[in-house]
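**Student:** Given the coordinates of chain F, assemble chain W onto it according to the supplied hints.
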Amino acid sequence: MSIADFIAVLPILVLTIAAVAATVLAAFRTGHAFNAALAACGFVLALASLAPASKAAPRAVTALFSVDAYSLFFTGLLLGAALAVTLLSYGYNAGREGGLAEFYIVLIIGTLGAIVLASSVHFASFFLGLEILGVSLYVLIAYFLGPHANEASIKYLILAGVASSFLVFGMALVYTELGTMEFSRIAMRAGAGAGPLLFAGLAMITVAAGFKLAAAPFHMWAPDVYEGAPAPVGAFLASVSKGAVAVIILRYFLQTGSFAIGPFFTVFTAIAVASMFAGNILALFQKSVKRTLAYSSVAHIGYILVAFLAGGRPGTVAAGYYLAAYFVSIIGAFGAVALLSGKEKELDSITEYRGLAWQRPWLAGAFTAMLLSLAGMPLTAGFLGKLFVAGAGVGEDLWFLVIALVVNSAISVYYYLRIIIALFSPAYGEAAAPLPGLPLAGSVALGTLTLLLVFLGVYPAPLLSLLEKAAAVF
Amino acid sequence: MILVWAVVIPLLGGLAAWLSGRLGSAFPRWVSLSALALDLVLLLTLLDGGPAGSRWLAEIRIEWIPVIGAGIHLAADGLSLALALLTAFLGMAAVAASWSGIRERTGFFHLCLMSVIAGVMGAFLSLDLLLFYVFWELMLVPMFFMVAVWGREGRYRAALRFFIFTQAGSLLMLASILGLYFVHGTETGRYSFDYADLLGTPMGLATEFWLMLGFLAAFAVKLPAIPFHTWLPEAHSEAPTGGSVVLAGLLLKTGAYGMIRFLFPLFPDAAATIAPVVHVLAVVGIIYGAVLALGQTDLKRLIAYTSISHMGFVLLGIFAWEGLALNGALVLMVCHGASTGALFIIAGAVEERTHTLDIGRMGGFWSSAPKMGGAALFFALASLGLPGLGNFIGEFLVLLGSFRVNAAAAVFAALGLIASAVYSLWIIQKVFHGPAPPEAGIADIGGREAATLASMAAVLLWLGLFPGPFFERTGIGTAASMPTGSEIEREAVTGVAGRIGREKSGRPPGLARHGAGEGPEEMRGRQQGK
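These protein sequence lines map, in sequence, to chains F and W. With our numbering, you'll find the first sequence wraps up at 474, consecutive numbering, no jumps. With our numbering, you'll find the second sequence wraps up at 1530, consecutive numbering, no jumps.
Bear in mind the hints are in silico, worked out from the structure with no lab data behind them. Computed from a predicted model, the values in this text were never measured in an experiment. For glycine and all other residues, C-beta sits at the position ideal for the given N, C-alpha and C. It is possible that some hints are incorrect.
Residues from chain W that face chain F, not an exhaustive set, calculated with beta carbons under 8 angstroms [to be verified]:
1) Val1134
2) Val1149
3) Leu1172
This is chain F alone, in the form it adopts within the complex:
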C-alpha cells in the first residue's frame, strides 16, 4: 500500500484510531462529557479527513475498498449521522446509571463498520463491515438494561446472527460458482451464464440484506428492537445501520447488475411493494411513537428500493437524495423522542405527547417538521427525495411501483398526522407540569437537522451536484 492508499482510506483510519484512543483514555477519565466530546471529535476529524481523501480518489485500495465519489459521499453522510446521534445521546445519557464511556466507544466502532461498508467492493470487507456494525449494535441496544432492552437485544442478536450466516453462505455459493469475491469480477463472470448455485447464493444474500434493511417480509424484528433500544440508538439503527447496508447493496447491484439476473427484478419489486404496504398499514395501528417510526422506516426502505430498481444515474441520484433526506428526518424524529425522554422512562406512548406544542413550541415544531418530511410534504427534504424517487421510477416506466409509492404515501399521512395532532391538542391535566430543561447539545443537533431539512427541501442543487458525481462512478 502506498501513501496515497492510506490517505484515501483516512476516514476509516481516523475512526479506528479514535476508537482505540477512546478505549485507552476511558481507563483514565470516565467523565461523561469527556468521552462524548472525544467521540464527537473523532467524527469531526473523520469528516475533515474526507477532504484529503477526496483528493486521492478515485482509487482502489487493495481489492477490498474502492474510494470514489460514491463512497466518499456516503461516508460523509454516515459520519454526519453518527455525529448527530452522538450529540443527541449526550443529553439523553446524562445522569443515567453506570459507566457511559463505553457507549461512545461502541458508537465509534459501529460507525467504523458502517463506513467500511460504504467503500467495500469485496465480499470480505462487506462481511467484516457488517459484523463490526452488528456486534456494536448488540451492545448499544441493551446498553441501559431493562426488560424491553434485553428482549430487543436478544431478538436482534439472534436474527442478525441468522442473517449473517445466510450472508456468508450466500457469498460462499457465489464464490463457488464464479471463483471471485470482487464485485467487478462478479459482474463480468455472472454475465457468462448463471447456474443454480449462483441463484441460490444471490437469493441468500438478498434474504440477509432484507433482514438488515428491515424490508418486508424480513421486518418483524424492527418494531420490537426500535422500541426497546434507547431513542438515540433507535436513530442510529434506522439511519446509520440501515443506510450503510442500503449503500453497499446499491453498489453491489449497480456493479454486478444482479437485478438483471433471472427473477431478481421481480423479487425486489415484490420486496419493495411488500415493505411499503406492510410498513404503512401496520404503522396505522401503533400506539407507541417509536414503533410507529419503526414501521415507517420499513416503508421507507420500500420507497428507496424503487430508486434501486430504477437504477442507472437517475436512480442512484434519487436513492442518494432519498437516503440523505431520510437520515435527516428519522434522526430528527428519534432525536425529538430522545430529547423528551426523561431519566426514568422513555416518552413513547402517543398520548403522552399531547399538548407538547404549547409547552415546548420549538421542539414540537422541529418534530412536526421531521414527521412532515417523512410524509413527503413540500418544503422539506422528504418531498424532494420522494419526487426524485418517483421521477426515477417514472423515467424507467416502473408505473406499478410509482403507483404503489403514491398510494402508500397517502396512507402514511394518517399516522404521521396522528402524532402531530397529539402534539397540538390540549394537554391532560397533570401533563401540564413543568418539564425539565432540554440538553444543549441535543437541542443544537435537532435545530441543525431542522434547518438542514428545510434547506434540502428548498435548495437541492448543492447536494444534487455531489450526487451526480457519485452516480457517475458506475
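**Tutor:** Just chain W now, kept in the frame of chain F:
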C-alpha cells in the same frame, strides 16, 4: 417582482403576526390585516395592463433547480389576477371574521391563516408545475392545523379526512406531472416543468388520458366533485369561521383554477374525451348538494352542502369549455367566494352569540338583530341566484354556455336553482323568522362585521349590475375570437334565442369546436404547434 411580493408578503405577514402574538392577542390581527391590505393594493396595480404583446400582465422567472428544469416562474393573466385579488380580499374577510372568535394562540392562528393564503396565492400565480405543486401542498398543512387546533368537537377527524383526501389526489397529480415531464423530455430532449414548455407536448391519446386523470383527481377532490366530496361538509363545519371562509372561498377555487389553467390546456383531447362524464358528475353534484343541504340541521354544514352544489355549476361551466360558460364559471367562483364566505361569517357570528349551530334551536333573530337578518337575506338571495347579483350572472352564463355543448346537462343543472331557492329561503325562515326560543335575542352585528359584510355585498352588486369591466379585464381567453365583456353582456340580454340562431349558421357543435380556433389561446397555441 410584484408577483413574488404577492406571495411573500402574506408569508412574512404571517411570521410577523406570529411573533407579534407575544405582545398581545390584538397585534396579530392588525398585522395580518395590514399585510393583506398591502397585498391587495399591490395586486390592484397590475390591473393597469401588462407589457404590450405579452399574454401575461406580469411575469417573472427565477432560477431554482436548473438540473431538473424546475424554476420559479410566476405569471398573472386576467384569470390569475381575478383569483389573486379574491384571495387577498377574502383573506382580509377571514381575518376580520376571526377577530373575536379566536382568543387562544392568536399568533399561531394567523401564521396558519396567512400561510394558507400564501399557498393559495402561489398556486394561482405559478406557471412551473413543480412550483405549483409546492404551493398546492403548502396550503394543506396550515389548513390542517387551523381545523385541528381551533375547530369544533369533531375537528381531528375532519382535519385528518381533509388532509388525506386532498393529499391522495395531489400525489396522483404529482405522478402525472412527472409522467408529463418525462413524456415531454423524451419527445423533445428538453426536460422541464415549465408550463410554457409543456404546452402542446405531443403524446398519444391513451397517455394523455392517463396523465389527465392524475390532474383531474387532484382538482376534483379540491373542487370538490362528486364522489370526492365527502371531506368537505365535515371540514367546513368543524373549522373555525375564518377557516371556513378560506376553505369555501379560496381552496375550492384552486381546483377549478387548476382545471382551467392546466388540465384543459395541457391535455385538450383527453379532457374533451372525459367531458361528458364530468358533465354528469357536475349535474349530480349540483342536485345532490342542494338536496342534502335541505336535510341539514347544522347551519355550517348546510352552507357547506350548498358549496358542493354551486361548485357543480363551476365544474359544468369549465368542462363545457366554451367562452360564455368559462367566463360564467369565473364570475361564479368570485361570487361564490364572496357570498358563501359571507354566509359562513354570519353563521360564525350566530354561533359566537348563541354557542350553537343547530338550526332547530334558532329562530326569530330578526327582531333582535335586524341588521344581521338583512345581511343574511341579501347573501341568501345572492346564493339562490337573484338577478342583479353576481351569482346570477355566473350561473346564467354557465347555463347558457353549457346548453350549447350539452343541453341535457344544462337542463338538469337548472333544476338545482329551484332547490337553491328553497334552502336559501329556508335558512332565513328558520333562523331569523319563526318563533323565537325562550332565551331569544342576540346582539346585532357590530361595525367590524358590518364593514366586512358590506364590502362583500359590494362585490356581488358590482358583478351583478355592471360586470362589463370585470370581463374586459379578466375574461378568459382574451383571443380575438372570444367574446369580449360587452359581447358577453349583450349575449346575456339577447339570450339563448340569439345563440341558437347563430348555432344554425353552420358551426359544428360540441367540444370539437376548439379545433375551429375558438378555444382559449392555449388551444390555439397547440394548434399552431407552439
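**Student:** All the hints need checking, so say for each whether the structure fits it.
**Tutor:** We went through each hint and held it up to the structure:
1. Look at W/Val1134: its Cβ gets to within about 4 angstroms of chain F, closer than 8 angstroms, so that hint holds up.
2. A hinted interface residue such as W/Val1149 counts as satisfied when its beta carbon comes closer than 8 angstroms to some beta carbon of chain F; here the least separation is about 5 angstroms, so the hint holds.
3. With 8 angstroms as the threshold, the beta carbon of W/Leu1172 comes within range of chain F, its nearest partner Cβ sitting at about 6 angstroms, so the hint holds.
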